[in-house]
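S.K.: Spelled out, the chains give:
Protein chains: 2
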Amino acid sequence: MFYFCHRVILPCDPTVDDKLFNICMLSVSLVVMLILAVLSRRNKLCQGFTRGSPANFLDQTQQKGMAMAVFGLVFSKLSMLVIAPDPLPFSKDTSADSKEYMKIMAIFYYPLLYYPLLVCGTLQHKVGYVLGALLSFSHFGVLGWQKFDCPKTPEIYKFYALLASLPQMGCLLYLCVQFVILFVKGPKTDEDLDSSYYTAYVKLTLKKKSSSPLTSLFICLSVFRFPLKLAVSAFVSFVAIYHTALLLVVLVVPVLHIVRAGIDENIAFLLLGFGIILSDDRMEVVEIVTFYTWLLEVCYLCAVTLSLLVNLVMLMKSMIMHRTNLRGLYKGEIYSIYNSKKTIRPSRPGIVCWMGLTGYQTAIVCVGMAIQTVVFFICFLFLVFMMIVPVFYGRNLFVFDILGRAWPAWVTLLLVSALQHVATKFAFIKRDAGTRDLNNRESLFLLTYLLFLINVVMGLIVAIWRVVITSLYNIIHLGRVDLSLLHRTSEAYDPAYSYYTNALRVEISQSHPVMKAFCGLLLDMMVEGGRVGQKIKDAEEGIQENGPSKATHTRRIRSRWQLMYTLVHNPSLLGFRKHFQTTQTAESILNGTPNHTAKTNSKGTT
Amino acid sequence: MFYFCHRVILPCDPTVDDKLFNICMLSVSLVVMLILAVLSRRNKLCQGFTRGSPANFLDQTQQKGMAMAVFGLVFSKLSMLVIAPDPLPFSKDTSADSKEYMKIMAIFYYPLLYYPLLVCGTLQHKVGYVLGALLSFSHFGVLGWQKFDCPKTPEIYKFYALLASLPQMGCLLYLCVQFVILFVKGPKTDEDLDSSYYTAYVKLTLKKKSSSPLTSLFICLSVFRFPLKLAVSAFVSFVAIYHTALLLVVLVVPVLHIVRAGIDENIAFLLLGFGIILSDDRMEVVEIVTFYTWLLEVCYLCAVTLSLLVNLVMLMKSMIMHRTNLRGLYKGEIYSIYNSKKTIRPSRPGIVCWMGLTGYQTAIVCVGMAIQTVVFFICFLFLVFMMIVPVFYGRNLFVFDILGRAWPAWVTLLLVSALQHVATKFAFIKRDAGTRDLNNRESLFLLTYLLFLINVVMGLIVAIWRVVITSLYNIIHLGRVDLSLLHRTSEAYDPAYSYYTNALRVEISQSHPVMKAFCGLLLDMMVEGGRVGQKIKDAEEGIQENGPSKATHTRRIRSRWQLMYTLVHNPSLLGFRKHFQTTQTAESILNGTPNHTAKTNSKGTT
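Chains as they are written, first to last, in UniProt numbering: chain A, 1 to 606; chain B, 1 to 606.
Hints were generated in silico from the structure; no laboratory data involved. Ideal Cβ positions, reconstructed from N, Cα and C, are used throughout, including at glycine. One or more of the hints may lead you astray.
Distance windows between CB atoms, simulated [stated by the list, open to error]: (1) B:Arg260 to A:Phe382: 31 to 37 Å; (2) B:Glu284 to A:Ser95: 37 to 43 Å; (3) A:Lys317 to B:Pro349: 26 to 32 Å; (4) A:Thr290 to B:Arg260: 42 to 48 Å; (5) B:Lys64 to A:Thr566: 55 to 61 Å; (6) A:Gly170 to B:Val411: 32 to 38 Å; (7) A:Leu414 to B:Tyr565: 45 to 51 Å; (8) B:Ile461 to A:Arg395: 45 to 51 Å; (9) B:Asp281 to A:Ala261: 41 to 47 Å; (10) B:His421 to A:Val389: 54 to 60 Å.
Use the sequences and the hints to build the structure in full.
M.R.: What follows is the structure in C-alpha cells.
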C-alpha cells in the first residue's frame, strides 16, 4: 500500500516562500474586503440593487458548495497543524515552548485568511466573483506550485504533506471553477424563496385529509433540501475521516517499518531474556519476528480500513437520520426526537449548540475513528495471533485448548438449551381455536426449577455476549451525533446528542417550509409597493378582491380556516403573527433574507 | 475489615460427614416425596379436598417466601461450587480431570436435593408442613453443626466457607419458621382469586372516565402484587450480589496480604532492575512499597464496596421498573416497553425466556459486578496514584504537569465558550411580544465561521466526555435486564433485554388482573353447580334475573358495553372468550389454579 523509504529526506524550501505568500495574500484579502464593503454599502443605499449581504453565508438561500468548500479548507489546515513543525507561516523553526501559543493563534488565523473567499461568494455581484476567482486561483496556484517543488518533506512520512494537502487542493479547485461559472452565468435569479418547493409543500399540506398519502409521496419524491449547516457538517466530517485515517496510518506504519528494518540476530537474545524461545536457529527467529511485525502491520491497516468504512457508512446513515428527523419536526413530531415536549424556538443553549455543532461533530468523528481503530486492532490481533496463526502453524493453540477442554460444559449447555426449546414447542404451548396458551404448567414449573442452575451458567454466556455486543455497538456508533448512546430515559446526558437536538431545534425554527413559503408571499407583496400593510393583511386572510359578493365571503371563511389549520399544525409560526401589522416589523422578520426586485410577479397582482 | 492470618490451616473434618448426611437426606427426601405423591393422588381423586398441586410452586397463588428461599438456597450452593475442592459431597479429593464432570453433575444434583422442600410448601396440607419442617430442620441443623465444628477451612480464605454459608443458613431458618407457622395456622383459606384486589381493579376499570384519577390512585395505593417469578429473580440477584462481593474480596485481598508480608529488602534490587529508584535507603523502599500495596488494597475494597452499592441500588430501581412495566402492560401500553406492536400471548421464545430469566438475570448481575469492580478499581487507582499521592508527597505530578502546561489552551477554550454564551444572550436572541427569535443573523454566521476551529478543539473534550459518560453509564447499568444498553431503534439486539421483554409477555398473559378477576367469578359459578354454562353466559352479559322489565334490558345493554370496553382495553383477553361455552373448556383455562369449594358465595346466588 505504502512504500516507505528510510533515507534521510532533506528539508525542502519551496520557491514560493510561505511567509511572503501569506503576507501578500493578507494584504490582497484586505483590499478585496474593502472593495466588497464599499459594494455592500452601495447595495444597502440603493435598495433596488440589493442581492446579498456579505456575511449571510450560512443562510439557506446560499449556494451550499461554496460554504462547504471553505469550511473543508479551514478544517484541512487545522488537521495539518497537529504535527506541523511550524503552526504559523510567519515564523520558521518554532521552539517547543512557543508552539502551543502558535497553534492557538493559527486556530484564529486560518479562518480569517479564507474569509474573503466566503464573502466573495455571498455578495451576489459580478465584481465579487472576479475577486473570488482571483483569490482562489492564487491560493490554488501557490499551493500546487509548493507541492510540485517539494513533494517530499522530512516530516514523519515523506509524502504526508502532499497527501494531507489533497483535500485543500480539491476545495480550492472547486472554488475556482465555481467562481468562474458564477461570473459567466451571472448571479442566479432563482432565489430560495421563489422556488416552488415551499409553496408546493404548503399547498399540499392545506389540502383535505384524503390527499394525505399524496402529500407524503410528494415530500418523499421531491428532492429534500438539507439545511446548509448540516450539509457543511457532513462535508467537514468527510474531510475529517480522510485526515484521521491518514494520520492514523502515517503515525504508526513508518514506525513499524523502522522496527522491522532494525530486526537482526540480537532479537533472539532479547527474547531469550524474557524466556521466549521461538526457534533454536537465530536466523529463523529473525524471520519469525519479521513475519510477526508484518502481521502486526497488516492487522493495523485492516483496523484503520475497517474504521474508515464504518465511519463512511455511519456518515451516510447520519444523513438519512437527519432527513427523517427534519421531516418529522416539520410535521410536528417533536416527541420522537426529543422524547419530551419541547417548543421549537431559538433558545440560548440552542444557538450556542448550533454555532458549535459542525466543530463538535467533526471532533467526535475523529475521536471515534481513533478509538475504533484501537479496538478493531486488538480484535484483529486476537483473531490473527490466537486463532489463525496457531491453526496454520499448529502450535500455541491456547484458545482452542481451553474451549476443547470445556467440551462437557458446552455439550451440556447445548443439550439443555435444545431440551428447553423442544419441551416448549411440544409440551408447554397449546394451540386452541387460533389462540396460544400455556399447557402443562406444573411440568413447566418443575423444569424451570430443575434447570435453574444450568440457566445461571447459560446466563454467563448471555452476559458476555451482552458486554461484547453493547461495546461494539456503542464503539461503532461513537461518531454519530444523531444517536444517543445512552438508554432512552437518559438520552439528554449524552452531550453530543443533546447538542444535536438543541441545534436541530434552531435549524427547524429558521428553515420551516411553511414559514419560508409565507416569507416568499410576503416579499411578493412588499415588492408591489403601496398599501402594503393592507395587502399583507388581505393575503393572510385570503382576500384579494374587496367585492362584497357571496363567493368572496365563502373564500374568506375558507381562508381563515386554512390559516387556523396551518397555525395549529405549525405552532412555531404563531410567534410571527404579531409582526404582520406594519411594514417595518415585517421587514425585520426578513432580516437577512435577500429582497427581490426585478422579477415578474403573477400571484400578487389581481 | 478482614483480618487474614498466614498460618497454615489444617483440613477439618466435621463430626457430621457430608457424604453420609447427603445419602441420608436423599433417602429421607425420597420417602417424603412418596408420601406427598400418595397425598396428592388422594387429593386428585376426591376433588372436594383439593388444595394444591405438588409442582405448582411458581404459580401466583403460592406463598412467595418459600420459593424465594429455596431458589436462594440452590443458588448459594452453585456459588460455593466455583472454588470448592469437592463439587459433589459423595467423592473426596476430586482430581482436576473429573472436577469438570463433578461440577456439571452438582448443577443437576442440588436442585433435586432441595426439591422436597418446595413440594412440601406447595401441597397445602398439614402433613406436608410437618415433613417440610422436618427436612428443613435437619438441613439447617447439620449445616449449622458443621460450621460450628469447622469454622475455618484451608480454602483461599479461612472464613470463606463460613461466610458463604450464611445465606444458606438464613434461607433454611426462614423455611423452618415458615413451615412451623403454616402447620400451626393451617393452610391459609384466603386464596389468590378470592382476594378483593382483582375485583376492585376490574370495578374501577369499568367505571366511567370521570373516575380515572381515582383508578390510578387506587392502583398506586394498593400494594402492588409482584409476579412470583420476578420476586424470585430479585431475591436470587440479591443473594448473587452477596456471593459475588464475597468472592471478589476473598480471591484478591488474601493474595495482596501475602504479597505485602513477603516484601523485603530484595524489592529494592528488583525495582532497580526496572530502572525505578524510589529512595536511596532500602528500608525506606520497603516502607514505600508496603504503603503502596496497602493503598492498592484500600482501592480494591473501595471498588468492591462501590460496585456492591451500585448493584443494590440498581436492583431496587429494577423492581420499580418492573412494577411500572407490569402496570403499563396491564393497561395495554405495549409500545412503551416493546417499541413495536406485539401481542401479549405465550410464544415459544417467550416461554424459553421465562424459564431462564431468573438464571440469566443472576448471571448478568454477577458478571456486571465483576466488570464494575475492575473498572472502579482502575478509576480509584488513577485517582489515588496519579492525583492524591502526588499531591500529598509533592512528586510525580505528571497529570497536573500536563494540565498546567496546557493552560493557554484551557484559558482560550474558556474564553471562547464564555464569548459564545454572552454573545448569544445579548446579541443573537431577540425577545419580542413573548416570542424569541434570532437577531443579528450575519454576526451569528460570522462568529460561527471564525470560531469553527476552536469549536473543533472544544469538540475533542465533548467527545472524551461522551466516551467517559457512556462507558460509565453502561457499566453501571450492566446488571439490569430491564434496560436495554443499546439505542432505542436496536433494543432487540441486547440479549438480556430481549429475554426480559419476552418473559414479561408470558408473565402478563398469565397474571392479568382482569383475567384473574374473571377466573374468580367463573369459579364462583362452577362451585354453585347446575346450569353452569348458562350462568357463565349470563354473568358475562350481566344478566342475573331473567325478568323482561325495562331495568334489566338497560342493565344488559350497559353490561355489554362494559364487556366491550374491557375487551377493547385488554385485547389479550379476547383469545379466552371462545372457551366460555362449556364447563370442560372453562376448567382447562384454570388448569393449575386451585379450585375452591368450601366457602360462602354471595355474588353467585340470586
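S.K.: Work down the list of hints and note, for each, if the structure agrees.
M.R.: Results of checking the hints against the structure:
no.	hint	result
1	B:Arg260 to A:Phe382: 31 to 37 Å	34 Å, holds
2	B:Glu284 to A:Ser95: 37 to 43 Å	39 Å, holds
3	A:Lys317 to B:Pro349: 26 to 32 Å	29 Å, holds
4	A:Thr290 to B:Arg260: 42 to 48 Å	44 Å, holds
5	B:Lys64 to A:Thr566: 55 to 61 Å	58 Å, holds
6	A:Gly170 to B:Val411: 32 to 38 Å	35 Å, holds
7	A:Leu414 to B:Tyr565: 45 to 51 Å	48 Å, holds
8	B:Ile461 to A:Arg395: 45 to 51 Å	47 Å, holds
9	B:Asp281 to A:Ala261: 41 to 47 Å	45 Å, holds
10	B:His421 to A:Val389: 54 to 60 Å	55 Å, holds
In summary, this structure violates none of the numbered hints.
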